[in-house]
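**Student:** Given chain C, work out where chain A should sit, using these hints.
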Amino acid sequence: MLSLVLVAMLLVLVNIYTNWLDPVRSRLNVVATPFYWITDLPGRFSRWGEEISISEENLRLQNATLEQELLIHKRKLQTMAALAAENVRLRQLLNSAEMIQDRVLVAELIGVSPDPQRHTVVVNKGSNDGVYVGQPLLDAFGLMGQVIELSLDHSVVLLATDATHALPVQINRNGVRAVAEGVGDLYQLKLRHVSNTVDIREGDLLVSSGLGQRFPSGYPVAEVASVVRDPGQPFATVIARPMAQMNRSRHVLLVFSKFDGES
Amino acid sequence: MAEASRNTLSMIAVSFVLAMLLAVYPISIELRWVRPEFVALLGIYWAVYLPHRIGPGIMWGMGMAQDVVEGTPLGLHALGLVVIAYICLLSYQRLRSFETWQQAFWVFVLVGIHQLFGNWVHSLRGNEAAMLLFLLPAISSALCWPVLVYLLDKLRVHYRIN
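Protein chains in written order, with our numbering: chain C, 4 to 266; chain A, 0 to 161.
Some hints could be false.
Claimed, not checked - Simulated DEER-style distance windows between Cβ atoms: (1) C:I55 <-> A:L8: 34 to 44 Å; (2) A:V16 <-> C:A84: 48 to 58 Å; (3) A:L8 <-> C:M4: 18 to 28 Å; (4) A:L123 <-> C:G235: 27 to 37 Å; (5) A:L89 <-> C:L16: 20 to 30 Å; (6) A:K153 <-> C:D156: 32 to 42 Å; (7) A:I28 <-> C:S58: 25 to 35 Å; (8) C:V136 <-> A:L89: 40 to 50 Å; (9) A:V156 <-> C:L44: 24 to 34 Å; (10) C:D188 <-> A:L123: 15 to 25 Å; (11) C:P45 <-> A:W32: 14 to 24 Å.
I should point out that these hints are in silico values taken from the structure, not numbers from a laboratory.
Since the structure is predicted, the reported quantities are computational estimates derived from the model, not experimental observations.
Glycine included, C-beta positions come from ideal geometry on N, C-alpha and C.
So here's chain A without its partners, still in its complex pose:
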């Protein structure tokens, strides 16, 4: 049992490190506006499928780690991810029974909320986005969701992550 849980935790940790690498991978400024929020996507996935392991506390920690890595004000991503995790915790039973495309729509809403918090923090410092550009990652994240679910479902079954 202890063996299995250690396996699970290490897989989750590895997945978050990979997500953060993708989140800081250098791309051109135009593409940076549409980069999916990989950490938030992964957080949603784990919070929906392993709600007994990944809750608001761990997501808060992940958000802090992402803030440190990305150099954003400490707490920016933590704030968004805590809220996402809480909503997932309330609705994971319904989310699991959804079709993938319906889940993708939920993901759009959740990442949109995450982005709203991010833009609010940026606007405190005078870096607010022009128009609704800050919502573009919500769209691209929703489009990435089916691929992510496909890959992570395979991983979860193969490594018996639970």
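In isolation and in its complexed conformation, chain C is listed as follows:
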């Protein structure tokens, strides 16, 4: 009995403070996958049911709205082309490196962490698809997190809202840099060490800054929800709301950024 407790404690400590057990874990993940696959079935069936039972009228309506949306995006894209070209010319004038378009891989969420204290998700792409540890994950609205565990056909992603996660960001409006930390709440990020005099306002968009060589720059991360400046405190308390829909997005993108090859 006592030996079992000691072995368990030893395993916990080895698991948390070293990475010796990582290869073992990635093997064992093969056992875990069927559980997530099976528990995902009811959801998949209900979506399939919704898909085949949707009425023609609804489909037409959906089609119409989608076409409208496409038109709006296309118009934006037209001006984008000109802007991108202008950007390249300006960058050439400044002798700086050209912006490289990031390559992406579309993945689907197949599971979420059953543990409320740990914010991770499982996606259906793994090392067979070229996914690597540290790869950023996006959804249609913003940055979600990074890959922390790999196996052949799926990978585990740590969300940016997990209490152990932090990522470098900058304010889109004026380029002020900060570090956005998770606090263990799916709807909140906290900016660390923002001095009371920094120009930051409610509603400011925070984008990834690309510092730290992990996340590519320029992806939306969060929107500042509240700024509290207490003169008695050394730093302002800044709370931001993540742009990515951490608890809803199903289709996600894995980005192969320019920092490929470095981990």
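**Tutor:** Just chain A now, kept in the frame of chain C:
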């Protein structure tokens, strides 16, 4: 005899697999805080009613399996379940003679201990729960206990699991 024991072991194995499926079933983050600890509940039940089959060793193995499936640090659930199994082993005679509601209170305490170990491991990594939220599963598990006892008693009698 061998036939009966194989039957028993397979039923226990099936029940644990079902409990683990329930433990990873995707639900919203708010509900995840109150999800009962199904594996611990089942462990308590088997350890109390079949103490000659389910002891700390098997519970340790179940905990490891749950850690692998849930992706938590290896040993997190094993630690809690071993302690639960040991307490059950010491007190199963008393527990069996209790009324169901009295047992439910015991279950609250046992799952609470399990959750304390879990939160301790999480806090090593910086994921500790705010306030005493991590004890919510102990309450919901205690509330689930009467239903579980009702269902499993029927199963046990019907399939002659012993």
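**Student:** Confirm or reject each hint.
**Tutor:** Results of checking the hints against the structure:
Separated by about 42 Å at the C-beta atoms, I55 of chain C and L8 of chain A satisfy the suggested range of 34 to 44 Å. With their beta carbons about 55 Å apart, V16 of chain A and A84 of chain C fall inside the hinted range of 48 to 58 Å. Between L8 of chain A and M4 of chain C the C-beta distance comes to about 22 Å, which sits within the given range of 18 to 28 Å. At about 32 Å, the beta-carbon gap between L123 of chain A and G235 of chain C stays in the expected band of 27 to 37 Å.
With their beta carbons about 27 Å apart, L89 of chain A and L16 of chain C fall inside the hinted range of 20 to 30 Å. Under the hint 32 to 42 Å, the C-beta atoms of K153 of chain A and D156 of chain C, about 40 Å apart, fit the expected range. For I28 of chain A and S58 of chain C, the hinted distance range of 25 to 35 Å is satisfied, since their beta carbons lie about 33 Å from each other. In this structure the supplied range 40 to 50 Å holds for V136 of chain C paired with L89 of chain A, their Cβ-Cβ distance being about 44 Å.
Hint check: V156 of chain A to L44 of chain C, Cβ distance near 31 Å, so the stated range 24 to 34 Å holds. The hinted range of 15 to 25 Å is satisfied by D188 of chain C and L123 of chain A, whose Cβ atoms lie roughly 20 Å apart. P45 of chain C and W32 of chain A have their C-beta atoms about 21 Å apart, which keeps the hinted 14 to 24 Å range intact.
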